[in-house]
Each structure stands twice: as C-alpha cells, then as structure tokens.
Amino acid sequence: MDKKYMDSMLSKMDKDLSKHGMSRRDAMKIAGLSGAGLFMGTSSASAEEEKIVKTDAKGKIVIVGGGLAGMSTAARLTLNLTNPDITVIEPDPNSVSYQPGQTMVAAGLWDEEDIMYKRDDFVPDGVKVIEDRAVFFNPQENKLTTEKGQVVTYDYLILAMGVQLDFERIKGLEEAGRALSSGDNEKLLDALGDSICSIYTSKGSVKTWEMMQKYIDQAKSGKKTKFVFTHPDTPIKCGGAPKKIIYLTNSRLKEAGARENAELTFYPNGGAMFGVPEYHDAIVGQFKREGIKHHYRHNLIEVDKENKIATFDAKWQEKGPWDPVMKDFEVIPKHEKLKVPYDMLHIAPAQIAPREIGESDLGSAKGWIPVNKETLQHIRYLNVFSIGDVAQVPMAKTGGSVRKQYKVLVDNLVALMNDKKMEAKYAGYTVCPLITDIGTVMLAEFDWTVKPTPSFPLDPTVERWVFWLMKAYALKPMTMYGMLSGRA
Amino acid sequence: MKKIVLTMLFASIGLVAAEGEMPYAIGLKLKPQPAKIYAMECASCHGADGKQTSFSGFPSGIVYKEIAGMDEALLAKTIKEYRGGVESKDYQPLNKYGYGAAMKAPTRDLSWDEIDAVAKYISGLK
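In order, the protein sequence lines correspond to chains S and A. 1 is the number of the first residue of the first sequence in the working numbering; add one for each residue after it. 1 is the number of the first residue of the second sequence in the working numbering; add one for each residue after it.
Okay, chain A solo, but in the shape it has when bound (with noise of 0.2 Å):
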C-alpha cells in the first residue's frame, strides 16, 4: 500500500513538473490550455468546479448559474459574444442578465481558439 501511494505520490510530482515546464499566458498563439484558462480567469467566480454560483465581490443577492456541463456549443457562441470582436464604440459587447461589464474582462484578451477550448472544458465539467 505504501509503495503505491508513494508511485502515485512521484506520478503527480512528474506531473506537475511537466506542466510547470510549459508556461502559459491567454492571448499569445500559445496552442490553448483550457484548465489554466479556466483557472485563470473563471475559477474565482464560476468555483473549480463550475458550481459556484455567487460571489463574494458581488452585492449580496447576486446568485448565477452553474456552468458545469453546459452545452459546449452554446457555451463558446455566449463567451465569444461577452468578449465581443470589434475595438469601437459601434459594437458593445453582450450584456445578458447586467454580466457584461464582469464578462468582458476575463473573456476579452481570448482568442476564438482560446474560447472554443474552455467551452469544451467547462462543458465537461462534472
């Protein structure tokens, strides 16, 4: 029992290590790596598990949908629309429920690969 739990204790060091070794930052060309996407810009509201559904930073009362498992295609076509394409005044980013200014931070610097990753990510959420 012990030699198993100290393989899977090396097993996950060697993990981390290779994932260290890759760094990462949104919006660079980078071929996408959704979990750090996610954790990046939408663990902090939407939980590691895609269940929260209120935040601390919000007014009290603000309550929001889980996102875990929701359909991929409709997750990518709502973020990319939240992130908006265009620099100008003529085209203002989606605004569903009031969410578009908390929205349009996280989501601008994405590019569509970026979102069609953290869609598929999110949507197979458990």
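So here's chain S without its partners, still in its complex pose (with noise of 0.2 Å):
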C-alpha cells in the first residue's frame, strides 16, 4: 500500500474521529477489530499470501475488460503463475476508478480526483494491455477480434467487461445513447439536461452534486421542492445506490435546514426495499424515520425535460373472478402511465451486458454470460469464465462480489490450466455498505442463502458510524491497494 496515501488518509481519519472525541485506538476497539482487520477487511492478507504456490501452467490468458474484475484478476494470475502470459483488452485509460466513491462525489463530500485512478498505473508486472474494445467473439476457434481490427487469439478467455448504462430506452432521453461509468459522457450529461442527474458515472455524480446544492438552495428559500428518485427494472450494478443517493440528500437537507420545504420520494420498479427480508424491514424503517416516501412497482419509461414530468408504467393486480376450476379469485395484472412532477430526478439507468455479447455465442439471450454461479466456469465452452457486473450470476454486481468471486476464479483456472479438479467455490457473498446518512452506514452482508452474514460480531441491521469510518476511509485502500494488487 502507498505509505503516503495512508498517512494522508489516517491524518483525515483521526480528525473525523477527534470531532466525536474519539482516538482512533478506541474506534478500533469499538469496532471490535485490529488495525490490519479494518484495512484489509474480514481477513488476514498475509496469511493468504502464504498459501499461494505459484506453478508452472502454460497457456495464454485474455481478459476482456480491465476494470476493478479484470485487473485483480489479473494480478491475482500474476501471484500464482510462474510464467504468466496474460493480456487485458481495455480501451478507457481510466477503467480502474473507483466507483463506490460516486455516491461520495455526489454528496460533496469527496473530489472527482479522490475516485479516479489510471488504468496503467495499477497494471501487474508482466501483464500486456491492449488499448482496444474487443467486439466480435468467436469462441469456437478461440479468437475475438477488436474494434480496430486486430485479432486476437487465447487459450484461456476471461469475460470481465461489466455493464453499459442504457439511459437510450428510456424516452425523451434516446439521444444520451448507452454509457459507461467513466469517461466524459458529455453526450449522456448533455442529454440530462441541468435537472437530472445520476451517480451512476464518475462524471454524473460530480454534476449530481451541483444539481443538490441547487435544489437544496431553493428549498431553502421556501420553495417547496420535489426530489424524485428511480429504480429501474433490470439487474443494476450496487442495488444500494439508488437509496445511498436519497439518504444522502436526505443528509444534506436536512444540515441546511431545508429539509420540511423538501419532498423526497423514491419510485422503485421492484416491490422490496432489498432482497433480503431483514434489510428490508430495517429500509423501511429509516425511509418511515426519515419521512421519505415510497411507491413500489414502478419503472420510469418518459422524462418530459420541458415540464420536468417523469412518467412512470405503474403496475397492480386486481382481484377479478371466481373461477371454478382453480377455486380461487384469478388475479388480473394492471399497469397505466403515472406523471410525476419534479424538480430533480436522480435516475438509476437500466443496465445491460454489452450488446456484441449476447450477439456472440457466449451470451445468453439477456447478454449476460451464462456461468456455473459457484466456479464461473461458462457453460458451454469449458476454457472460458466470467466475473463482475457481466457474468450471470444470481447476486449482487458489486466490487464486494468481485472480492469473493476473482480468488474463486483464479484458483478454478489455475487448477483447471493444470488438469486437476477445480474446488475453489463462490458461495455468493456480497456486501452493500447502504449509507443512510453523512456519518452512519447500514453494513448488509449476505451469500445465497438470502441471510444477513455479518462479518462482525454486531446486529448488521443496526447503522453504524463506524462502519460509516469503513466506507468512508478503509473500503477505498483495500479496494486500490489490495484486491488490484491481488491481495485482498
């Protein structure tokens, strides 16, 4: 890790401490952890270091996509891999940035340079980058080909291009085409227009926080103002996020002391908060404490940026007639156009695989790349895997899923690179630090049995500043520093 970054971070760290009067041994102590345990997360680098026997399997690796998947995979190949040959096809110059960080951006608690980070400067020693989108894939005689023509061919294919931002389908919006979460998107932010915003890219969520001020002024001023917030109705990268941004305005708000002129309302295409029944009973108590409002099953289709009206396909069942054979009501499902007035609307963006994927033979019909959800092997072609947002598995797309998933995967193809049986398994893990205000976070740990699995002996269900301290200071390093490096 960057001795130097760690200092910095520590100095800012102790003075948030010192504000709740604390030293930071004791917020340690609260936090029932060991220095190394906050950093590095739940457990020991060091020991995992030693248990890596590098070997000496032959094959060339290609991993499409260099972003936080592709690139601790990679490195991680690097640790356990005598004489690697591993080239990553990634065209953006900044696909390491950090995204967890855009929902601090978008409260304007950190910079945009606080969460970008160039792609060459975390690329692991002995690992060939080619600046280029791979975009035709012919798996049956191991080749892909890039946009520039260059064809490329592998032994062994890493699948780890994440998702695009599909703000086109949505109407009134068709000229913002699809994104990516960085890049200079000025298309995408053109297209927004100055009263809708998005934290879903590093850009967006800078301008988010210029549109908060602005509309958190004029609730000040006495104006009654209207927050609209969206959850759109295909799998989305960080579930968490379209609340973070609501808690956080909420946040904000509230510290200006306009939060009484302000309505926040959230239109989730979905009919739970969460997918797991504890953290959803916790949501609806701190969206019920803080007095936002709720409206679920509905999916937003039509932005009127003139009017600033949202429209929404709202959808209900309605009891309809007694059939005799079922002996029950049958149940008619409904659906009609609902206008909703604003004056800002945060829009979570639809996101899907990359198109040239599920017109390749290694998407599914959605585009998501079909994988065994424990070994993330593909399910047809046996020397082809995938990990992050673009693999098909049934949990969330988050980096604390990739945490988890990039050691399954690199054990499985080391073993599989040396004939042996692949054991290592993902047991579906993941993690959503849900911000629910400036200074506490909601810490929903879960795996595939859909229960919450805390890391810390604490009820994660309660919201902790010191989890907050973890977000805030520690997921950040361990994220740069320690899965990129292959470590944690």
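To be clear, the hints were calculated from the coordinates, so they are not data collected in a lab. Check before you lean on any hint, since a few could be wrong.
Unchecked claim - Result set (EDC-like, lysine to aspartate or glutamate): computed pairs, CA atoms no more than 16 Å apart in a straight line:
1. A:31 <-> S:132
2. A:29 <-> S:359
3. S:224 <-> S:343
4. S:171 <-> A:81
5. S:366 <-> A:109
6. S:305 <-> S:174
7. S:404 <-> S:445
8. A:31 <-> A:109
9. A:31 <-> S:147
10. S:214 <-> S:194
11. A:29 <-> S:184
12. S:308 <-> S:194
13. S:471 <-> S:447
14. A:80 <-> S:174
15. A:80 <-> S:132
16. A:29 <-> S:445
17. A:77 <-> S:174
18. S:54 <-> S:411
19. A:120 <-> A:71
20. S:187 <-> A:113
21. A:29 <-> S:175
22. A:36 <-> S:147
23. S:187 <-> A:109
24. A:29 <-> A:116
25. S:339 <-> S:304
Both chains are given apart, each in its own frame, so use the hints to dock them into the complex.
Rendered as structure tokens:
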C-alpha cells in the first residue's frame, strides 16, 4: 500500500474521529477489529499470501475488460503463475476508477480526483494491455476481434467487461445513448440537462452534487421542492446506490435546515427495498423515520425535460372473477402510465450486458454470460470464465462480490490449466455498505442463503458510525491497493 | 494506360483491405459506418443508390418514394420515429403509410448516432 496515501488518509480519519472526541485506537476497539482487519477487510492479507504456491502451468490468458474485476484477476494470476502470459483488453485509460466513491462525490464529501485512477498505474508486472475494445467473438476458434480490427487468439478467456448504462431506452433521453461509468460522457450529461442527474457515471456524480446544492438552496429559500428517485427494471450494479443518494440528499437537506420544504420520493420498479427480509425491514424503518415516501412497482419510461415530468409505468394486481376450476379468484395484472412532476430527478438507469456479448455465442438471450454460479466457468465453453457485473451470477453486482469471485476464478483457472479438479466455489457473498446518513452506514452482508452474514459480532441491521469510517476511509485503499494487487 | 488501370486496381484493393480490417455491426457503440449500415439494413428495399421504389418481397403494386437526396434532418427524424425509443406497450413506433412493421426491424437496433450518420449518407446519395 502507498504509505503516503495511508498517512494522509489516516490523518483525515483522525480529524473526523476527534470531532467525536475519540482516538483511532478507541474507534478500532469499538469495531472489534485490529487495525489491519479494518483496512484489509475480514481476512488477513498476509495469511492468504502464504498459501499461494506458484505453478508452471502454461497457456495464453486473455482478459476482456480491465476494470476492478479484470485487473484484480490479472494481478492474482501473476501471483499464481511462474510464467504468466496475460493480456488485458481495455480501451478506457481510467478503467480502474473507484466507482463506490461516486456516492461520496455526489454528496460533496469527496472530489472527483479522489476516485479517478489510471489503468496504467495498476497493470501488474508481466501483464500486457491492448488499448482497444473486444467486439467480435469466435469462441469455437478461441479468437476475438477488436474494434480496430486486431485479431487476438487465446487458450483461456476471462470476460469482465461490465455493464452498459442504458439511458437511451427512456423516451425523451434517446440521444443520451448507452454510457459507461467513466469517460467524459458529455453526450449523456447534455441529454440529461440541468434537472436530471445520475450518480452512475463519475462525471455524473460531480454534476449530481452541483444539482443537489442548487435544489437544496431552492428548498431553503422556502419553495416546495420535489426530489424524485428511480430504480429500474433490470439488474443493476450496486443495488444500494439508488437509496444511498436519497439518504445523502436527505442528510444535506437537514444540514441546510431545508428538509421541511423538500419532498423526497422513491419509485422503485420492484416490490421490496432489499432481497434480504431483515435488511428490507430495516430500510423501510429508515424511510419512515426520515419521512421519505416510496411507491413500489414503478418503472421510469419517459421524461419530459421541458415541463419536468417523469412518466412511470405503474403496475398493480386486481382481484378478478371467481375461477371455479382453480377454486380461487383470478389475479388480473394492471398497469398505467403515471405522470410525476419533479424539481430534481435522480435516475438509476437500466443496465445491460454489452450487446456484442448477447450477439455472440458466449452470451445468453439477455446478454449476460452464463456461468456456473459457483465455479464461474462458462456453461458451454470450458476454457472461458466470467466475473463481475457481466457474469450471469444471481447475486448483487458489486465490488464486494468481485472481491470473493476473483480468488475463486483464479483458483479454478489455475486448477484447469494443471488438469486438476476445480474445487473453489463462490459462496454468493456480497456486501452493500448502505449509507443511511453522512456518518452512518448499515453494512448489509449476505450470500446464497439470503440471510444476513455479518463479518462482525454486531447486529447487521443497525446503522453504525464505525461502518461509515470503514466506507469513508478503509474500503478504498483495500480495493485500490489490496484487490488490484491481487491480495485482498 | 495499362499502368494507370493497374494502379487504380491496387488502390481499390488497398481500400477493400483497409475496410475489411474494420469489422462493423450495428448497435455496438462503434463509430458509425453509414455505408455499411445502409448496405446491411436499407439497400435491399431502397436500392444501393436509394432510388428503388418497390420490393419483390412486398405485394405487387406497393411502391414508395425514392429516398436518395432527401433532407437529412427529416430523414433522421423519421427513422427515429420508426425505430421508437421505448420497449413498452405504451409507445408504438411510427406507422406512416403502413410501413411501421417493415421499418421497425431494420431500425430497431440503431443508436441515435447511427441514425444521424445514415441519414446524412442517404441525403448525400445522388
């Protein structure tokens, strides 16, 4: 880990702690953690490192996508192979930027520089980068072609290209196109205008903070101000983010003394706040406590930027006529368009796998890459693996999931290269540090069992200041210097 | 004379090879290549020159206008309307002169950028 970075981070943390009249040591004690544990997550990094025995296995490994998943996998492979032959295909020079920080930027807590990281600073030794995008796949011949026309062959392929943000499916935003979280995204921001924002891009999170301040000022001036928030009908990365931005807006409004003039309403497409009942109940309680309204089963389909009206497809069920065969009443699904006026609209966009995957033989009908959810091996092409947001794994698309997946993938790929049985299994662990206020986080951890699986001996449904410290100070270095070096 | 022909031949081979290196498919966020989009999605009905006005796949007697040289902005607007934007029962794409179904399939996967590029291309057809 970068020592200077650590020091500056620790001094920031100490300042925050002293505001609460507490030393760093006291804070660690409260968390029930050692210093290393807090910074490295729940397992000691050095213990893991000792277990790795390098092998001489050979084979050309190509990784499509050099974000957190792809680059961490590349790094860990170099720790496992004596003679690694690894190529990462990634066009974006900022592909490893710290996306979990976008909520912090959008709330004015961090600056854009705090989350921007250069791909080339995180390329592990011995790994080649092709600055291009893989577009055409020919898995029968172990070949792919890039946008610039380069044909790349491989023995083993790892697909980690993430998701695209599908703004163009919303009527009124077609010109926005489909975006990625980093990059200049000028076209997208132009299309969104000055009353619609989204923290799902890094530039967008900067703009969200500008917009939030503008509308908080409006509320402060005494004008009733409507803040509307959405959650789409597709899987999304970080399912907590659409709620985090609500809580942060709420927090900033309270701080400005403008909360009573603001109306915060959440329109999620789903019928619950969280897939785990315990966390769902906790969030519903938080919404009630903070006076945030919510209406389930509303999917954003249209925006009228001029008149500031969002149109949702609202769904419900009605009791139908008696069915004498089933001996029950029929259930009739109904839906209608609902127009909702807003002052500021925050969009969590629909997210899709890159279309080139769905059109190739590697993708499923919906585009996601079908893999065994435990081994991460492709269900048809046994020399292909997938990890991260683009993999068809029925679990949250987060960096927390990737942190468990990449070690499993590397263990299994190395086993395969050595003709051994693949024994590593992804247990479905994921984590959502749900920011509920500036200064508190509920650490929602769970796995395939859909039960809370807390790493700490504390009630996981309680919002805690100590988890805020972890989110605000520890998770970034753990990700940027731990995961991206293949160790944490 | 022979030499010139030969040079031209080589030049054209060079061009084909260069184009061949740049694969293209629609809707993949690639830099739009309007000539290829037109060839793939439009030319079978509208002709390579944009002057075809009937198609053997349609019932006889159905004719439509030449599109070569039409106004770029109008082309872009109309194609976007044919494409529709939203996958929802609430939004039906344009069905002008009954061509909705015929125009939906070829336009469905185009991005706004690709439509703008192909509109410019058609507008420039002579």
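Hints broken by the structure, by number, lowest first? 13, 15, 16, 23
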